[in-house]
Each structure stands twice: as structure tokens, then as C-alpha cells.
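Protein chains: 2
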Amino acid sequence: MIIFYTEQIDGDKALLTGDEAGHCSRVLRKRVGDNITFIDGNGYFFESEITAIRKTECELEIIRKWEQDRKNYSLTIAISPVKNPARFEWFVEKAVETGVDVIIPVICERTEKMSIKDSRLQGIIIAASKQTLKAKFMSLQKVMTFKELINSIATEQAFIPHLNDKTEYLGKIIKPHSSYTVLIGPEGDFTDQEVKMAIQKGIIPASLGANRLRTETAGIIAGQIIGTINEINQ
Amino acid sequence: MIIFYTEQIDGDKALLTGDEAGHCSRVLRKRVGDNITFIDGNGYFFESEITAIRKTECELEIIRKWEQDRKNYSLTIAISPVKNPARFEWFVEKAVETGVDVIIPVICERTEKMSIKDSRLQGIIIAASKQTLKAKFMSLQKVMTFKELINSIATEQAFIPHLNDKTEYLGKIIKPHSSYTVLIGPEGDFTDQEVKMAIQKGIIPASLGANRLRTETAGIIAGQIIGTINEINQ
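Just so you know, the sequences run in chain order A and B.
In terms of the numbering used here, the first sequence is residues 1350 to 1583.
In terms of the numbering used here, the second sequence is residues 1350 to 1583.
Worth flagging that the hints you see were computed from the coordinates, not collected in a lab.
Accuracy of the hints is not assured; some may be wrong.
Identical copies look the same in the list; a pair holds intra-copy or inter-copy alike.
Computed list of lysine-lysine pairs in DSBU-like fashion (alpha-carbon distance at most 30 Å, straight line) [to be verified]:
no., residue 1, residue 2
1, Lys1524, Lys1485
2, Lys1524, Lys1420
3, Lys1362, Lys1420
4, Lys1521, Lys1420
Given only the sequences and the hints, what does the whole structure look like? Please build it.
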């Protein structure tokens, strides 16, 4: 199913513009009278009929609107940027696919890459959402420092997986049907000092299992462990 | 930790050749008398001392040998190749990281890409194993047809996730501490006929959860669901 995206909605009218309009009229050769489905990035699907096609826009009449089923938990991944931007882009795409709600890029002591390409990543979020039928876009927040992050955690539970044999497996210690933040460190892991500071703020040390994972993989696996525990406790 | 790889082991002597030798002597400027750790791709780590450096090889004396801890389950992912080779390469890398034991590329009815780049993928397996400390290499098998695959499954349990609202969540139906094969279909999913044939062979239909996943993501997520269930049942 091909899904379009627009936030330009007014009553029962909507407007595709830019790439979305070009994709609809020129690439897919849709015509007036054809039906298309679109999302608003805010949790809703719309079935609509094309009522006019102009050079740079397609006018739509909304036929039906429905909300996407919500998950029984919410998940924030606070993660260090990684040196290779393609790997961070991959992480963002897979985070959308696997149902992460919020990503917060975090600068840790051993982070080597201090920024992310926000507009490129927003494009990836839109494309991945359309492709995997997510009506609500994942929120990619502004870059924070580690201190700012641990002072602003708003979820019920928060975890800091790090390389340490003594921590318990994340899947064993989460409460189901809750809101979670998982902190994922840079290539060289969190410093002991960072782990200590996090623990003082009530963030729980955890293990992601026996596999040694790259930063971007750890972000996806942490999310999936939480997803699995919530699925089996439904 | 930097890990080398060689299978050229004879008693307490070993030999790095090719890229491994160049990486050791020229890139990292190791000298005679330095200690290095290597894997044999077969499950063992070795601590060794460099005893000679020649133009194209490094001679090693083994100091200590130890076996990597084994998982309490084994996992085969039988997966359709995907159109974009970079996505399949990504899948192979992440499969190594997350502890998949065997990959079988499978040609299904809707598969659009009939081959894989074996030698390139073997290189990725070696690099990912070294980086994530896997002493035993994941086995990448020869391409099979769907029929060959379902007639040759050797694990205790086998599952076929596909798009169908009525299937149960994979994490709810697996037995822990077992051997598993998970079949992952191509971009357009398995055909009804394929699902039927698989069920006749005792392969169990399953769901990977509410998220719609790309083929390569489904392969990793299926493995991780099985990993999580085995971890929490330890």
C-alpha cells in the first residue's frame, strides 16, 4: 500500500504539495477521481479522493479518517551519535520500524560526533513511517548533554545498559505497560562517572544480554527487548 | 580490544597472513614480543605473542586458549534476499552481532533478487565477529529454494512469520532452550501457497508483533524475540 503524507488539512479538504504531490501525479500518474490514503504524522490515517491536480499540488477530499491503534507502552531512546552518519541514519529508520516513540541524541563524555543531520533524519522518519504504516511520526529531539538528559527524564522507568557483568537483563527488570527511557552510550561506552551520576538520579543499570553490540544496534535491541516483554504480557 | 583472525594453527604456533598480517604489523605497528588476541572462527580465543614479523605474515606463539561461552539455544534464520544488497549486508552484520548461528538465503515465489554476494558477505561476517568478539563465525549457507528449505529443516522448532492478524506472537509460542529456524519472506511476503506448504511440514505460523517490518529488519527482530525469551527463562 502506498501512503502519502500531509499536514495541510482543513475540514474535509487536504492538500499534497512538494515531493508528495509530484510522487502522486507524475510518478504514480494518479488522476482526478482516484482514491489515495495519507497520514498526518500525528496518528491518523485518511482515505481521500483526488479532486484537482495542479502543477505543484494535489487537492484531496477526505472520505474517511481513523486513528492508528496505540501501543500499550511508550519508549524513548536517548543515544549517543556515532562517528559514521550512515549508521545513525540506519538506527533512525529501524527505530521508526520497531515503534520507538522518541529519540534524544545525547552527548556523552566519550561521544566523538557532536551533531546529527536533523533535516536528513526527519526525511528518513517520514519515508520510514510511510513505508511501515506509522501514522504518528517518531519525535527526534534536539541534542542534549548527558547531564541535561538525566535531569529531564519524564518516563516512569529509565535504564542505563552498560558493559558490566553484574547488571540484570533489561527484559527481567522492566515493568510492563509503562513508559521507558533507555540510555545508549557511545562507541567507548559510558564512563564510570556517568553511570554513577545516572544511578544517583534513579536510572537503573541493565544488561542487553551476552552479545556485545554496536551503539546503533544496542538502541534497536533495547527497544525490542521492551517490545517483547510488553507483547508477552498483553 | 582488537582481535585478529586466523585458522592457520599448528600446536602452539599460529600464523597471520594477508590483511590480518598487514593490519597487525603495518597499521597497528605491532612488534616481536607484543601480545595479541585472535580467534579461529570456530569458537576459540587465543592469547599469543608475536615471535616473528615477515613481509606478508606474522608468526605467533600461543600462550593461552579458551572457548567462548555457548548460548543456551541455537538459531537459524532462513531469509529471502532483498533487492538492495546494502540492506542484506546490514542484515548479515546485525545477525552476527545479535548471535544468529546460521543464515540460509531462500528463494521464495515473490523473491526479486536471486543471489547473494557470498565472498563479500563472508568478509562482513569476519569483520563483525572480530569487532563484537564472536569466536565462532556465523554460517552463511548456499542459496536454497523454498521447497528445498522446508524439506530440510533440522531444528526442533520452526516458524513462519507472515502478515496475518490471527497468528500468535512468536515470543509466546517458542519453547526456551531449543533450536529454532525462522523463515523470513521477501518484500511482498510469502504466498498463501507457501504458508500452506510450510504448515504441512509442521512449521508454525507466528507474528513478530504489531510493527510492519522490512525483510531485513524482520530477520533481526525475530532473532531478538527468541533471544529475549531465552534470556528471561535462564
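We went through each hint and held it up to the structure:
no., hint, in the structure
1, Lys1524 with Lys1485, "within (24 Å within a copy, 35 Å between copies)"
2, Lys1524 with Lys1420, "both (15 Å within a copy, 26 Å between copies)"
3, Lys1362 with Lys1420, "within (29 Å within a copy, 56 Å between copies)"
4, Lys1521 with Lys1420, "both (20 Å within a copy, 18 Å between copies)"
The structure shown violates none of the earlier numbered hints.
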